[in-house]
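A.B. asks: Each chain, written out:
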Amino acid sequence: MASANLKVGGLVVTILLHAGLVAVALMHMGGDSAADSSESRFDSAVTIEASLAFKEVKPKTRQPQKQKKETFRPPEEQKIDTDDVVQPEEPIEKPKHKVKPKPEEIDITKTLAKNRAQDDDLSSTGVEEVPKEGSADGSKWGTETDAKGHPYAAELKGRIYSAWTVPTLETGSGEAQGCVKLDEDGKIVDRHVKKKSGNANLDRSVELALKQAPDMDEPVPDELRSLITEKGICFRFTIEQEN
Amino acid sequence: MLSIHDRTRKLIGGAAAALIVTGGFGLVAGGALAQPGTGVVIDINNPQRSKYPIAVPVATSGDPQTGKVIATVASFDMKVSGWFKPVDLGSVAGDLKTEGVGVDTARWKEAGAYGVIKYRSEVTGGRLTIDFKLYEVEKGDRAVLSRTYRGAPGDVRKLTHMWCNEVVKYFTGEPGFFGSRLAFSAKGGPRTKKVMAVDFDGYGAYSVTRNSSINILPAWSPSGGEIAFTSYMRANPDVYIASAGGGKPRRVSHYYGMNTGVAWSPDGSKLAVTLSKDGQPEVYIVSASDGKIIRRLTNNRAIDSGAAWSPNGSEIAFVSDREGGPQIFVMSADGSNQRRVSMNGSYNTTPSWNPRKGARQLAYTTRDGDTFDIVTLDLTSGKMVRITQNEGVNEEPSFSPNGRAIAFASHRPGGTGIYIASADGTGDAVMVWKGWSTSIDWGPTPAQ
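Which chain is which? The protein sequence lines are A and B, in order. Using our numbering, you'd call the opening residue of the first sequence number 1 and step up by one each time. Using our numbering, you'd call the opening residue of the second sequence number 1 and step up by one each time.
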């Protein structure tokens with residue numbers, strides 16, 4: 001019996017030195033905590049063997065970090081159809097008065113030409129306080145590309161995007177279109193999937209995005225009222241094939 | 001701080017603004033939303049990704065107890081699959097009795113579901129029959145998948161697991177891991193440890209070993225029919241193989257010194273084991289039938305142990321302290337091309353190879369400060385993903401049969417036991433077995 005115990009004892013030493021997992025098991029024989037046993041798993045072996053065959057390897061200073069819960073990432077790029085745009089051929093005269101026109105009196109062409117000229121002017125003078133990316137365009141979702149559009153629309157896009165999630169198991173591609181109408185206060189009052197993709201998961205995701213998108217915080221600006229509250233504004237949702 | 005209105009007035013400009021403001025004019029008639037092919041269209045792409053919302057309501061007919069078990073099992077399977085998230089049934093309006101095994105798609109859409117599982121069960125003549133149906137609400141009220149399973153009334157969990165494997169396969173093209181089992185080492189009597197097996201969801205636990213000794217490090221055979229383990233039942237740590245259901249084990253490797261750390265070759269004919277017969281622990285390949293040494297794979301003055309075979313059998317991962325501390329190494333199955341692959345931290349052990357076909361991914365235990373956590377490492381890209389963090393001590397990972405989940409031993413405030421987490425590092429781990437346990441090994445999914 002004594003010799004058997006001695007043999008087991010010798011083996012315990014061997015295992016502690018030479019096998020992490022076996023060491024863990026033996027340490028637990030004494031009812032040690034799991035953490036304690038984990039600590040001991042390879043430690044003693046390291047010390048001894050290091051003296052025999054040590055080759056320094058500098059570890060990375062920071063361990064990888066666990067993924068956070070899925071977080072919203074703003075879109076990288078916004079594309080807007082340009083088919084119906086009519087570029088002004090003649091320079092537009094400045095308005096003679098500064099009184100804010102009523103919405104129905106806005107001359108869109110003149111207004112846009114004016115602001116386009118201002119944009120060009122800002123670019124040419126290199127005004128640095130206008131950031132290339134970010135929120136100064138009027139939308140916290142926006143990029144510089146968005147800033148070329150209307151900040152209210154960019155904000156609306158961002159809110160819809162924030163509600164758009166596609167199941168991970170969907171690896172196919174597709175393109176669907178969904179449209180919304182807002183009331184004058186910025187509340188989404190009508191929504192519908194205008195063009196389905198045939199991809200059930202994409203189509204379902206678009207339907208849910210339109211349903212769950214948060215309302216706007218501010219009323220629809222006058223110049224967009226007709227479009228957003230009466231006609232509706234549409235979004236093209238695209239997913240690409242995943243490898 | 002400018003309001004949106006103010007900024008609108010200030011910033012309206014540019015070609016895109018022209019589109020947004022003018023593009024919709026005249027494109028929509030009668031106040032309806034824009035018609036296809038016309039109007040303002042703003043592109044949105046690169047969506048966030050999420051798990052698939054699926055509803056598993058309790059059947060409104062049949063035996064209530066059986067119906068409840070089916071719903072509970074199916075919901076759990078979906079939750080831990082890595083692909084799905086159960087829909088909160090509290091948000092479902094109306095009386096489901098009117099639906100039966102069909103669906104009112106409007107109701108489930110309103111509840112936020114993408115898919116719905118319905119079923120009907122009955123016991124006739126001592127036999128249980130379950131009709132399952134899967135619906136995608138976007139595709140209407142016709143089931144996209146239907147299966148009927150029959151068995152003994154006690155097979156309700158097993159039959160439900162089989163159905164859930166079919167659901168996962170329908171959506172992903174690969175089967176789930178439901179119905180598989182975990183093997184692990186647990187405390188036995190005084191100064192003893194036993195090898196146990198349990199369904200992956202914590203049900204049906206039983207003891208594989210029945211001796212009064214130390215039994216550790218179980219490893220499922222590729223077929224799932226046998227479990228190899230290290231036992232001190234004859235004083236020396238030798239390798240034994242027993243039927244997965246228990247029974248008398250046979251000793252296959254009993255060389256002088258330790259015989260431990262078994263990993264089966266994918267074809268089940270060979271074992272990678274750690275032997276110290278010549279002094280230093282080294283990794284060897286031995287025959288699974290008689291333990292005869294086929295090849296010695298490592299040969300140096302350091303400790304080499306903890307082998308894990310790649311799913312195609314061409315490579316073996318192992319632990320070595322040849323560079324100062326325990327690190328993960330990979331070599332070809334013939335012992336050549338040995339190189340270190342774990343470069344994070346100073347202490348990495350217990351590699352598990354993702355069994356998914358073509359995968360070159362390891363999970364292992366890493367020490368981070370004063371605790372241990374689970375990470376995965378893609379050997380091709382070098383990408384690492386952290387599976388646990390700030391959740392106590394987490395050790396000894398083992399991949400699910402399809403590589404989508406990882407089981408590991410954890411000692412955390414929520415309880416000590418075996419947990420399952422998604423292998424992509426998302427979501428929270430779920431406890432499936434409560435109690436001290438170590439040497440976790442996840443067995444194969446039984447044939448359907």
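The hints are simulated quantities; they were obtained by calculation from the structure and are not laboratory data. Model, not experiment: these values are computed from the prediction. Hints should not be assumed to be uniformly reliable.
[Unchecked claim] If the Cβ cut is set under 10 Å, some of the chain B residues that face chain A in the computed set are:
#1 Tyr52
#2 Gly82
#3 Val101
#4 Asp104
#5 Asp141
#6 Arg142
#7 Phe171
#8 Arg251
#9 Met331
#10 Pro413
#11 Gly414
[Unchecked claim] For each label pair, taking beta carbons as the anchor points, the in silico distance ranges come out as:
#12 Ala447(B) with Ala163(A): 38 to 48 Å
#13 Met343(B) with Glu242(A): 21 to 31 Å
#14 Gly172(A) with Pro266(B): 51 to 61 Å
[What the hints assert, rightly or not] Under the rule of at most 30 Å between Cα atoms (straight-line distance), these lysine-lysine pairs were calculated in the DSS-like manner:
#15 Lys85(B) with Lys211(A)
#16 Lys195(A) with Lys248(B)
#17 Lys434(B) with Lys66(A)
#18 Lys196(A) with Lys79(B)
#19 Lys357(B) with Lys66(A)
#20 Lys195(A) with Lys109(B)
#21 Lys277(B) with Lys195(A)
#22 Lys248(B) with Lys277(B)
#23 Lys66(A) with Lys85(B)
#24 Lys133(B) with Lys195(A)
#25 Lys196(A) with Lys277(B)
A virtual CB, placed ideally from N, CA and C, is assigned to each residue, including glycine.
A.B. asks: Is the hinted pair Lys248(B) and Lys277(B) satisfied, with a Cα-Cα distance of at most 30 Å?
C.D. replies: Roughly 26 Å separates the two Cα atoms, so the pair holds.
A.B. asks: Less than 10 Å between beta-carbons is the criterion; does Arg251(B) satisfy it with respect to chain A?
C.D. replies: Violated: closest Cβ of chain A sits about 16 Å from Arg251(B), beyond 10 Å.
A.B. asks: If you take the shortest Cβ to Cβ gap from Met331(B) to chain A, is it below 10 Å?
C.D. replies: This hint is violated: Met331(B) lies away from chain A, its Cβ roughly 17 Å from the closest one there, beyond 10 Å.
A.B. asks: If you take the shortest Cβ to Cβ gap from Gly82(B) to chain A, is it below 10 Å?
C.D. replies: holds (8 Å)
A.B. asks: Once the shortest beta carbon distance from Val101(B) to chain A is found, is it less than 10 Å?
C.D. replies: violated (20 Å)
A.B. asks: I want to verify a distance hint. Is the separation of the beta carbons of Ala447(B) and Ala163(A) within 38 to 48 Å?
C.D. replies: holds (42 Å)
A.B. asks: Identify whether the interface hint at Gly414(B) stands, where standing means a beta carbon of chain A within less than 10 Å of its own.
C.D. replies: Cβ of Gly414(B) sits 14 Å from chain A, so the hint is violated.
A.B. asks: Have a go at the Asp104(B) hint: is there a Cβ in chain A nearer than 10 Å to its own Cβ?
C.D. replies: The hint is violated - Asp104(B) has no Cβ within 10 Å of chain A, the shortest such distance being about 16 Å.
A.B. asks: For the pair we were handed, Lys195(A) and Lys109(B), check the Cα-Cα distance against 30 Å.
C.D. replies: Holds, at about 18 Å.
A.B. asks: With 51 to 61 Å as the target window, see if Gly172(A) and Pro266(B) comply at their CB atoms.
C.D. replies: At roughly 31 Å between Cβ atoms, Pro266(B) and Gly172(A) fall outside 51 to 61 Å, so the hint is violated.
A.B. asks: Just to be careful, I want the Cα atoms of Lys66(A) and Lys85(B) compared with a cutoff of 30 Å; is the pair within it?
C.D. replies: holds (20 Å)
A.B. asks: Given the proposed pairing of Lys434(B) with Lys66(A), does the C-alpha separation stay at or below 30 Å?
C.D. replies: Cα-Cα ~24 Å, so holds.
Of the numbered hints listed earlier, those contradicted by the structure are 3, 4, 5, 6, 8, 9, 10, 11, 14, 16, 21 and 25.
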